[in-house]
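Put chain E on the given structure of chain Y with help from the hints.
Protein chains in written order, with my numbering: chain Y, 1 to 443; chain E, 1 to 443.
Warning: the hint list may mix true and false statements.
Note that identical chains are pooled: a pair holds if it fits in a single copy or bridges any two copies.
Taking lysine-lysine and the DSSO-like style, the derived pairs with C-alpha atoms no more than 27 angstroms apart in a straight line are [as the list claims (entries may be wrong)]:
#	residue 1	residue 2
1	K147	K251
2	K147	K2
3	K216	K183
4	K402	K120
5	K281	K293
6	K140	K251
7	K23	K313
8	K238	K313
I should point out that these hints are in silico values taken from the structure, not numbers from a laboratory.
Number of protein chains: 2
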Amino acid sequence: MKLPVTLKRVFGLARSNGGNPVKIDQISGWVKNVRPLKTITFVEIQDGTTLQDLNVVLKQGPPSFRPALGQSVTVLDPEIVQRKNQQFETICLPHNLRLVGATTEYPIQNKQTALPTLRKLPEFKHRTTYLSNLMRFRHKIESRLSKTLDELDFTLVKPPILTSIDCEGAGEMFKLKQDHWDKAVNLTVSSQLQLEVLMMGLGRVYCLQPCFRAEKSDTNRHLCEFWMMEVEASFIGKNETLMDLVELMIKNVVSSLCETEDLPKYFPVGCNNGVTERWAKLLQDWNRITYTKAVDLLLSSGVNFEHELTWGKDLNSEHERWLCDHFGGPVFVTNYPRDCKAFYMKLRQDNATVECFDLLFPDIGEIVGGSIREDNYDTLKAEIQRRNMDPNELEWYLNLRKEGTVPHGGFGIGIERLVSYLYGNPNIRDSIPFHRTTGQIDL
Amino acid sequence: MKLPVTLKRVFGLARSNGGNPVKIDQISGWVKNVRPLKTITFVEIQDGTTLQDLNVVLKQGPPSFRPALGQSVTVLDPEIVQRKNQQFETICLPHNLRLVGATTEYPIQNKQTALPTLRKLPEFKHRTTYLSNLMRFRHKIESRLSKTLDELDFTLVKPPILTSIDCEGAGEMFKLKQDHWDKAVNLTVSSQLQLEVLMMGLGRVYCLQPCFRAEKSDTNRHLCEFWMMEVEASFIGKNETLMDLVELMIKNVVSSLCETEDLPKYFPVGCNNGVTERWAKLLQDWNRITYTKAVDLLLSSGVNFEHELTWGKDLNSEHERWLCDHFGGPVFVTNYPRDCKAFYMKLRQDNATVECFDLLFPDIGEIVGGSIREDNYDTLKAEIQRRNMDPNELEWYLNLRKEGTVPHGGFGIGIERLVSYLYGNPNIRDSIPFHRTTGQIDL
Numbered sequence: 001m002k003l004p005v006t007l008k009r010v011f012g013l014a015r016s017n018g019g020n021p022v023k024i025d026q027i028s029g030w031v032k033n034v035r036p037l038k039t040i041t042f043v044e045i046q047d048g049t050t051l052q053d054l055n056v057v058l059k060q061g062p063p064s065f066r067p068a069l070g071q072s073v074t075v076l077d078p079e080i081v082q083r084k085n086q087q088f089e090t091i092c093l094p095h096n097l098r099l100v101g102a103t104t105e106y107p108i109q110n111k112q113t114a115l116p117t118l119r120k121l122p123e124f125k126h127r128t129t130y131l132s133n134l135m136r137f138r139h140k141i142e143s144r145l146s147k148t149l150d151e152l153d154f155t156l157v158k159p160p161i162l163t164s165i166d167c168e169g170a171g172e173m174f175k176l177k178q179d180h181w182d183k184a185v186n187l188t189v190s191s192q193l194q195l196e197v198l199m200m201g202l203g204r205v206y207c208l209q210p211c212f213r214a215e216k217s218d219t220n221r222h223l224c225e226f227w228m229m230e231v232e233a234s235f236i237g238k239n240e241t242l243m244d245l246v247e248l249m250i251k252n253v254v255s256s257l258c259e260t261e262d263l264p265k266y267f268p269v270g271c272n273n274g275v276t277e278r279w280a281k282l283l284q285d286w287n288r289i290t291y292t293k294a295v296d297l298l299l300s301s302g303v304n305f306e307h308e309l310t311w312g313k314d315l316n317s318e319h320e321r322w323l324c325d326h327f328g329g330p331v332f333v334t335n336y337p338r339d340c341k342a343f344y345m346k347l348r349q350d351n352a353t354v355e356c357f358d359l360l361f362p363d364i365g366e367i368v369g370g371s372i373r374e375d376n377y378d379t380l381k382a383e384i385q386r387r388n389m390d391p392n393e394l395e396w397y398l399n400l401r402k403e404g405t406v407p408h409g410g411f412g413i414g415i416e417r418l419v420s421y422l423y424g425n426p427n428i429r430d431s432i433p434f435h436r437t438t439g440q441i442d443l
Numbered sequence: 001m002k003l004p005v006t007l008k009r010v011f012g013l014a015r016s017n018g019g020n021p022v023k024i025d026q027i028s029g030w031v032k033n034v035r036p037l038k039t040i041t042f043v044e045i046q047d048g049t050t051l052q053d054l055n056v057v058l059k060q061g062p063p064s065f066r067p068a069l070g071q072s073v074t075v076l077d078p079e080i081v082q083r084k085n086q087q088f089e090t091i092c093l094p095h096n097l098r099l100v101g102a103t104t105e106y107p108i109q110n111k112q113t114a115l116p117t118l119r120k121l122p123e124f125k126h127r128t129t130y131l132s133n134l135m136r137f138r139h140k141i142e143s144r145l146s147k148t149l150d151e152l153d154f155t156l157v158k159p160p161i162l163t164s165i166d167c168e169g170a171g172e173m174f175k176l177k178q179d180h181w182d183k184a185v186n187l188t189v190s191s192q193l194q195l196e197v198l199m200m201g202l203g204r205v206y207c208l209q210p211c212f213r214a215e216k217s218d219t220n221r222h223l224c225e226f227w228m229m230e231v232e233a234s235f236i237g238k239n240e241t242l243m244d245l246v247e248l249m250i251k252n253v254v255s256s257l258c259e260t261e262d263l264p265k266y267f268p269v270g271c272n273n274g275v276t277e278r279w280a281k282l283l284q285d286w287n288r289i290t291y292t293k294a295v296d297l298l299l300s301s302g303v304n305f306e307h308e309l310t311w312g313k314d315l316n317s318e319h320e321r322w323l324c325d326h327f328g329g330p331v332f333v334t335n336y337p338r339d340c341k342a343f344y345m346k347l348r349q350d351n352a353t354v355e356c357f358d359l360l361f362p363d364i365g366e367i368v369g370g371s372i373r374e375d376n377y378d379t380l381k382a383e384i385q386r387r388n389m390d391p392n393e394l395e396w397y398l399n400l401r402k403e404g405t406v407p408h409g410g411f412g413i414g415i416e417r418l419v420s421y422l423y424g425n426p427n428i429r430d431s432i433p434f435h436r437t438t439g440q441i442d443l
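So that you can see chain Y by itself, here it is in the shape it has in the complex (with noise of 0.2 angstroms):
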């Protein structure tokens, strides 16, 4: 394999290497940072595989052209070492550094650019170190809660993303124009009805794809296209289980992230630089509170909210805000009424609420939706009938309950508010690397 060797490979040798130089053919990446001094010259450069900086020391004057942000370069012979502050460094002769690419009119002039004015330069942002390590640290939290998943026995599916069915009821579906099938054809808004088909053939699923929402809102926490983990489990009956499963599965994150260190040193004007604070907090406890409670609580707090509140409402933002303020933390809100939450959902034997919760984060509100579904057939078509949706066209979902039907549940994790939360960037536009929003999809 010719593959060239990363930065990261080549600091992880020289850390292990007592201080001695690890000496290769050559390392090659992109311009970060220039610094002349009188009689040497810095050129800091990366690879795009580690947060960290290889200084290239320049000694016997400058190379036959003029180091600059942005360019990409190759240093020749180079012999790395990490100095005692942990820096890694090569000194390099002026002839052993070679300009591979270089510059016309660089648009990312220094590390302290804006978040909004990146956002506007879509084929640009992902070269600063801020973008780009949100880009590796996403990868790392993807990777971990599979990992959790795995390691109980569950299989990765793919449900389709092109669905004929338009009663989940999550939210205006975008359709397609080409009418290649018979009916009508939509982007899927969440995977659950065919996870629950899969369940019952593999027991445990969970799928990591891309959901749609046709909506409009323009806010920073939504996104017409997002990435949803969606999980369904069988033989389970009681929420309780799939709150254990969440909190599992996000505290395994978070203590990954605190082994690793993954924050840049820079955070933009509006971002957490406190995020390890935050992390700690999520290894802690998190509140569990039914929503009766909820509201008596919200109630009884004395705060004129905006939005009014009585037992039967949905909870609105400032709301679920008030009580991630109140518990200092995450907190799962359970057992909503019947008419808040979908028709799938469980009903409790007060037969006014269903056996669901959500997961309120500080900050960023909702970020993990579940419930037990509902097993039982003739349950199941009386809500249907009692909503006044068409029993025919669930009348496959309706057959799984009579062919072996199990409890059941699951839910769905909203990746770009979870890594955004995370991160500390209270954007979630910034968590994906092309966002889609009202009014912009560039490339």
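Relative to the frame of chain Y, chain E by itself:
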């Protein structure tokens, strides 16, 4: 965590328990087979997490219900052992086998249901051992492909499904009905162009997500919605490096398959029982041949092909098949004429061919396609103009070549084709849970 124990876990414990029983509170699953004898009844159950059955040996008469295919059941207080014939078994008293979910008209009456019939039962087909195992098999393949890339410091990224780029040229695109944006929006046919953007920030990137082609081809090798693993890496100038990486990735998959017992005992008619020999073949050397040599070989073969071949024409599937037969295994065909391939491929010194490859597998044809990308601004712009494409549309893409451009390349692996080939199932419709093809869009 109160998630119930899985059969996979229990079997693992029993396997390492030296023939001693593993005692647990209960185990649940679906009935896969019932064999009533004179005094005892065998009820085989599975919970979807493993290929193997638990054989429940009912002594002292039948339980309070009549065990039947497809029911969900719970066994209380089982003591599970692995017998000398490797089967897992528990002796069970009638009152310890509990019915969870009955059946009414369970549609999958025996293991020999033909695949075309199963495809018409999308909500039930994954209850078969053959198809549920195919989904687990796919998960394993995808995980192993990702692992190789992760170990080589690639970052998994999430390019968009919705895109305003419509000039990739890889096929007809699905379009959105809604006008949420001031330009036409399509479903992606390939993430390559966006991956190139991300590669410039992250060095090495890959994605694993659905692509869409609005073509009406109705073959066992085409889907309207299919998954690709697309890879893009910087500082690579030669085809050989990319082919080495492809070969490593797929050989790592095959090696991991060889170490496990992931094939059902039963294969439907038309499927390949001899896949283990197929795997062994894949671990040997793969052939690499230029397009020009391939054409010479085909022309001198004496075969009367249906589609006439001359240098400059693309290879047809009959030609690809002949090449694979001729070499008795996978073949990389490299350096196609420039007009056979997309505009972004690196022009070779001969000015006639491009630095690219197709990987052909026997029976199924192209599994992987890739190339080095043109990284020179002027050459790329000239090629775009030569093809009468609009350079304004591609200005952002051209600009990548102005700011720190690097030699780079990548490829896309067709997941369903790879999975089908490795599982010995000739129709890729079975390698995705719910296939979307001309005329068929269920669930």
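- request: Identify every previously stated hint that the structure contradicts and give their numbers, smallest first.
  value: Checked against the structure, the only hint that fails is number 7, while the rest are satisfied.
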